[in-house]
Amino acid sequence: METIDQIPVQTGLKPKEAAKDGGVPAIAVEDLHKSFGSQKVLNGISLTVNRGETLAVLGRSGTGKSVLLRLIIGLEKPDSGSVLIHAQDIAGLGLDQLGAIRMKMGFLFQHAALYDSLTVEQNVAFPLVHHKKEMSKSERGDRVKQLLAEVGMEGHLEKMPSDISGGMQKRVGLARALALAPDILLLDEPTAGLDPISSGEIDDLVLKLQAEHHMASIVVTHDLHSAKTIADRLALLDGGNVVIEGSFEELQRSDIKFVQEFLGHS
Amino acid sequence: MIDRNFTAVAGTESPLSETRRSLISPNPFSAPINKFLEWFGDLGIFFWRVAHAAVTPPFEFRELFRQLDEIGSMSLPLVALAGAATGVVLSMEARYSLTRFGAKSLLPAAIVFSVIHETGPIITGLVVSGRVGAGIGAELASMKVTEQIDAVEASAVSPYRLLAAPRILACILVLPLLTLAGDACGVLMGWVAQALVEPLSLHQFINAGFNGADFNDFLPPTFKTAVFGLIIGLIACFQGMRTQGGAAGVGRAATSSVVLSSLFVILADVVLVKLILIFFP
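Quick mapping for you: the protein sequence lines, in order, are chains A and B. Mapped onto the numbering used here, the consecutive letters of the first sequence carry residue numbers 1 to 266. Mapped onto the numbering used here, the consecutive letters of the second sequence carry residue numbers 1 to 281.
One should not assume that every hint holds.
[Unchecked claim] Computed beta-carbon distance windows for the label pairs:
#1 Ser138/A to Pro32/B: 55 to 63 Å
#2 Asp69/B to Met135/A: 21 to 29 Å
#3 Val270/B to Ser117/A: 33 to 41 Å
#4 Leu200/B to Lys133/A: 27 to 35 Å
#5 Val270/B to Lys133/A: 16 to 24 Å
[Said to hold, decoys possible] Short, incomplete list of chain A residues facing chain B, as computed with Cβ under 8 Å:
#6 Pro25
#7 Phe36
#8 Ile73
#9 Leu95
#10 Arg102
#11 Met103
#12 Ala113
#13 His131
#14 Phe248
#15 Gln252
If you are wondering where the hints come from, they were derived from the structure by calculation, not from laboratory data. Beta carbons: idealized from backbone N, C-alpha and C, even for Gly.
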């Protein structure tokens, strides 16, 4: 019987853009393990993402894709293994040091996680209010308007999150994630629950932002079409580990049964 | 065929997890005790993080003032009403009892001392634990289950500093002030209830009621409610921020915030009354 550990991991990595930080990847995940009680979620996963590169993480529900993102930004602690952000291991960092690293990262939550007591404008201004105290009120206002214009939400400043649609909430969440001009962007199911047109708009938006800001991005998604559109590389997870990693064409050429099943059903 | 029956990889289990597993034995008596001790340990860690966040810059003054208004001003009518009702009940009950024992002249003192020593502080503590405990618990739990607290953390802002510390500090600062208001309403309505039965001026009532009272009768019982504020704020924030499980989790957090904070307010009152009697005889 073939176990998951015996499945060969195919890595045909040809990043679109070489690492610009002296060859150091922006994100490096090494042999990461994570369990919740008796349930093993991640089982020794390793990945790297360079600056200017987008990696899409695919897989069935419950395979630890969102947990991987939460580990990378330090919202969860790994059982073992390491997460390196610009070669700095985030394990064991104090809250202040971790905060300094998080300021270089933008995170779009699956359901946007906008602060429901704040307006759209206040949501986007939130990171600026707390970390750019040198900014005047008018400078901050201008920056918020610029960010909302980037995501096509400039006309909705005074609205509450409950007054806008799911797709619009994701756009606002994206604007908030970009507020501190991060080097790294983590997107958790950016198109989940959206109609095909809204999904396409979010994909176009991510591509546009990627072209303008050259961030290292990880996109967790179930949506193979979206992954194909916005990612340079795809990593398919199963059983808490990477079954295959490479371009969409490399995945298509794979003879691993699970990969074929996944592509066939997507 | 791919075997998906994954087992733990040798060497990945820490010795700590072995120890924990042996501590959480199947013994039906040890499980609740372990759970209780674990809850207390987590509460201690939470308190330490909030205390650290509260005394180190940057300080969230704006949020503190917002919470002072939310917890203080909004609780005032309820505390005043509860204090007034207590004053009326005390007046009626004490009048009946003291008349039976021929000590009716002590009625103003009995009302005033009962209100400022015990009923005012404890009623204020319980009313605030009900209103504020449920409010904070439900608000933070709702933020937790909708990932808003994670979003705060992901934005490199400490949720202990932004969310917990201002709420707990506001509870600590506001409880003694609310107690003063509750005491005043209790004494005033005690006089009204007394005056309706037997004409007595407010001046005479206050003179008789506070005759022989000093600051030791007044300040320690009032300021002990700052401890009640700490308990209410701490437990409500803790229960809210550790919530799991959607709408049901929010309901559980609100309920447990009220139940636990009321319980610990009553227990703390027993200890604090004893300490006050020792240090302020």
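Q) Once the shortest beta carbon distance from Phe36/A to chain B is found, is it less than 8 Å? A) Violated. Min distance 11 Å.
Q: With a cut-off of 8 Å on the beta carbons, see whether Ile73/A makes it to chain B.
A: Since the shortest Cβ distance to chain B is 6 Å, the answer is holds.
Q: Given the hint of 33 to 41 Å, check if Val270/B and Ser117/A actually sit that far apart at their C-beta atoms.
A: Given about 38 Å between the Cβ atoms, the range holds.
**Q.** Interface restraint verdict for Arg102/A against chain B (beta-carbon cut-off 8 Å)
**A.** holds (4 Å)
Q: Would you check whether Gln252/A satisfies its interface hint, that is, whether its CB is within less than 8 Å of any CB in chain B?
A: violated (19 Å)
Q: Have a go at the Met103/A hint: is there a Cβ in chain B nearer than 8 Å to its own Cβ?
A: holds (5 Å)
Q) Does the interface hint hold: is Phe248/A within less than 8 Å of chain B, judged Cβ to Cβ? A) violated (22 Å)
Q: Against chain B, run the beta carbon of Pro25/A and see if the smallest gap drops under 8 Å.
A: Hint on Pro25/A: violated, closest Cβ of chain B at ~21 Å, above 8 Å.
Q. CB of Asp69/B to CB of Met135/A, is that within 21 to 29 Å?
A. Given range 21 to 29 Å: holds, Cβ gap about 27 Å.
Q: Take the C-beta atom of Leu200/B and the C-beta atom of Lys133/A, compute their distance, and say whether it sits inside 27 to 35 Å.
A: violated (59 Å)
**Q.** Interface hint for Ala113/A, Cβ within 8 Å of any Cβ on chain B
**A.** holds (4 Å)
Q | His131/A as an interface hint toward chain B, with CB separation required under 8 Å | A | holds (7 Å)
Violated hints for the displayed structure, listed by number in ascending order: 4, 5, 6, 7, 14, 15.
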